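**Q** Below are the chains, spelled out letter by letter.
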Amino acid sequence: MAISRDDVVTWIKNYAQVINENNEMLTDLDREIGDADHGANMNRGFKAVMTKLPASEDKDIGTVLKSVAMTLLSTVGGAGGPLYSTIFMEAGKVIGPKMEIGLADWYTALQAAATGVANRGKALPNDKTMLDALYPAVDALKRAVDENLPIPEALQVSAEAAHAGMLATIPLVAHKGRASYLGERSAGHQDPGATSTFLLLDTAAKAWADC
Amino acid sequence: MKKLINKAEDVVREELEGIELAHPDLVKVSYDPAYIVRADAPIKGKVGLVSGGGSGHEPMHGGFVGKGMLDAACPGAVFTSPTPDQMLEATKAVDGGAGVLHIVKNYTGDIMNFEMAADLARGEGIEVESVVVDDDVAVKDSTWTAGRRGVGLTVLMEKIVGAAAEEGRSLKECADLARKVNGQGRSMGMALTSCTVPHVGKPSFDLPEDEMEIGIGIHGEPGRTRMKVEPADKVTEMLLTPVVEDLPFKAGDEVLLFVNSMGGTPLIELYIIYRKAVHMLKEKGIKVTRHLIGPYITSLEMAGTSITLLKLDEDLTKLWDAPVKTAGIRWGI
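These protein sequences, in sequence, are chains A and B.
211 is the number that the numbering used here gives the last residue of the first sequence; the numbers go up by one with no jumps.
333 is the number that the numbering used here gives the last residue of the second sequence; the numbers go up by one with no jumps.
Rather than coming from a laboratory, the hints here were simulated on the basis of the structure.
Quantities reported herein were computed from a predicted structural model and do not represent experimental measurements.
Take the hints with a grain of salt, since some may be wrong.
Within a straight-line C-alpha distance of at most 30 Å, the following computed BS3-like cross-link-like pairs (lysine-lysine) qualify [as the list claims (entries may be wrong)]:
1) Lys202(B) x Lys47(A)
2) Lys282(B) x Lys250(B)
3) Lys47(A) x Lys28(B)
4) Lys13(A) x Lys7(B)
5) Lys140(B) x Lys250(B)
6) Lys93(A) x Lys142(A)
7) Lys92(B) x Lys52(A)
8) Lys234(B) x Lys250(B)
9) Lys172(B) x Lys122(A)
10) Lys311(B) x Lys172(B)
11) Lys52(A) x Lys7(B)
12) Lys28(B) x Lys52(A)
13) Lys318(B) x Lys67(B)
14) Lys287(B) x Lys250(B)
15) Lys92(B) x Lys172(B)
16) Lys92(B) x Lys47(A)
17) Lys98(A) x Lys13(A)
18) Lys234(B) x Lys311(B)
19) Lys180(B) x Lys67(B)
20) Lys3(B) x Lys47(A)
21) Lys98(A) x Lys47(A)
22) Lys7(B) x Lys47(A)
23) Lys282(B) x Lys228(B)
24) Lys122(A) x Lys180(B)
25) Lys13(A) x Lys202(B)
26) Lys122(A) x Lys92(B)
27) Lys140(B) x Lys122(A)
28) Lys47(A) x Lys2(B)
29) Lys93(A) x Lys92(B)
Could you put the whole structure together from the sequences, leaning on the hints where they help?
**A** Dropping the structure here:
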């Protein structure tokens, strides 16, 4: 019925594990169209998150998310650092000092996260970035909220939309980030940022399957 | 991967330890957050110059901290932008009351992190200006890309603006000067081999034994074309012609010619390239009045070169000649 603070902490811990398992895959995707470090950078950041999480995991959801944001900001670097930090910071600000959230809260948090990422990176839809996974997931959540879907189903639909968005980056020509230097040669490759964003939402759907 | 390192995750920290031990007269090193700062910082009344970027380009930027050049440099992980907390602390450490100038190479990550750092520093009452370097003509400058990359010109800008700050010019004058340098300098690079980021362990890109990449970026980002390896003179033409035509540099111009090694290319080859470049420029009526030759902005062990041209005038020449004392560049002191 609701997503608790402990559920949020579980999601973050599981994502750190998922990033560790997919480190090489993300870096390989980045080697094709970027600079071969996305997995390594994310893994460094989420390892630091795992070290620092115990200091805030007994606090409210907003505080947990904001502390994750600050850790990522000072450890990931590159473009992924500010962008992933923005996701957690904006979500944390919107949710605030709550100990549990419903689907509508999660939707507004994710929407704020997407807006924050767009402002920071100045990317548009179909620029072949993480937003191409994030926007469809937010749209799907909006529909799920309108249709009053149960949380697990809504998260499943949202993760599936992110997955479709991630795959849809393959034919796109990149207009932002290092992949844009490749021009037409960036087409035919899946965007690493969209991939790690799909994994973030997929991990939420799996972690909160019983909420 | 064959490298003279201990553990991949310790590379940047152990490099900093070496720098601290080698140059206590020039710099102080902070480890958490990581930055290198002039030993005598902050200097009262002087504009502070801060730059930074991923590690792996040594001597840039840490090797350019010292009298007459940078006040601080923030090293990120190899080929990864440093983070805003490093830049903020470095900015605070060099603020002598006259403001701080951030010199930022045009990469998505560097831009975002420096923007956040500048916001944070302004929030703490420090006057901050930022100048972006984007001199790489290999990349089309359009709204459909992240824009031109900052490459070789960064070294020349840090030297020239460093001299200006040293002689007491204001923050606005230093920022305008940096923009002027960016406006009249252009670069292009090429690679003969790839390079391997220590914590990745595999080459950043694959380049067959008999091929080269023209228009390479300093992180091994692909450039304009990949082709069979050509003789040095032909390669020099392929790099210098687009550089000259882009600004364009014209007959009668006096220039600084910077022939850089990407890390793996030895001086003997750089001089062959320099010789051809001078001949080509002479034919066009362009006079090389200053030069820099060597590994100054590298990509780990990548073999390859880049050529940078900067149009000089009396002021820029005087600032280039001004005394400088850093680990990477020193003269006149």
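**Q** For every hint, state whether the structure bears it out.
**A** Right, here's what the structure says about each hint:
1. Lys202(B) x Lys47(A): holds (22 Å)
2. Lys282(B) x Lys250(B): holds (11 Å)
3. Lys47(A) x Lys28(B): holds (29 Å)
4. Lys13(A) x Lys7(B): holds (26 Å)
5. Lys140(B) x Lys250(B): holds (22 Å)
6. Lys93(A) x Lys142(A): holds (19 Å)
7. Lys92(B) x Lys52(A): holds (25 Å)
8. Lys234(B) x Lys250(B): Holds. Lysine 234(B) to lysine 250(B) sits at ~21 Å (cutoff 30 Å).
9. Lys172(B) x Lys122(A): holds (27 Å)
10. Lys311(B) x Lys172(B): Within the cut-off at roughly 21 Å; holds.
11. Lys52(A) x Lys7(B): Within the cut-off at roughly 23 Å; holds.
12. Lys28(B) x Lys52(A): holds (28 Å)
13. Lys318(B) x Lys67(B): Distance of about 16 Å is within 30 Å: holds.
14. Lys287(B) x Lys250(B): holds (10 Å)
15. Lys92(B) x Lys172(B): Given that 30 Å is the threshold and the Cα spacing comes to 19 Å, the pair holds.
16. Lys92(B) x Lys47(A): Given pair lysine 92(B), lysine 47(A) holds - Cα atoms ~28 Å apart, limit 30 Å.
17. Lys98(A) x Lys13(A): Holds, at about 19 Å.
18. Lys234(B) x Lys311(B): holds (23 Å)
19. Lys180(B) x Lys67(B): Satisfied, since the Cα-Cα distance of roughly 22 Å is no more than 30 Å.
20. Lys3(B) x Lys47(A): This hinted pair holds, its Cα atoms lying about 25 Å apart.
21. Lys98(A) x Lys47(A): The given pair, whose Cα atoms are some 26 Å apart, holds under the 30 Å limit.
22. Lys7(B) x Lys47(A): Holds. Lysine 7(B) to lysine 47(A) sits at ~17 Å (cutoff 30 Å).
23. Lys282(B) x Lys228(B): Cα-Cα ~28 Å, so holds.
24. Lys122(A) x Lys180(B): Status holds; Cα separation ~26 Å.
25. Lys13(A) x Lys202(B): Since the Cα atoms of lysine 13(A) and lysine 202(B) sit roughly 28 Å apart, the hinted pair holds (cutoff 30 Å).
26. Lys122(A) x Lys92(B): It holds: about 28 Å lies between the C-alpha atoms, which stays within 30 Å.
27. Lys140(B) x Lys122(A): Given that 30 Å is the threshold and the Cα spacing comes to 19 Å, the pair holds.
28. Lys47(A) x Lys2(B): holds (26 Å)
29. Lys93(A) x Lys92(B): It holds: about 27 Å lies between the C-alpha atoms, which stays within 30 Å.
Hint compliance for this structure: every hint is met.
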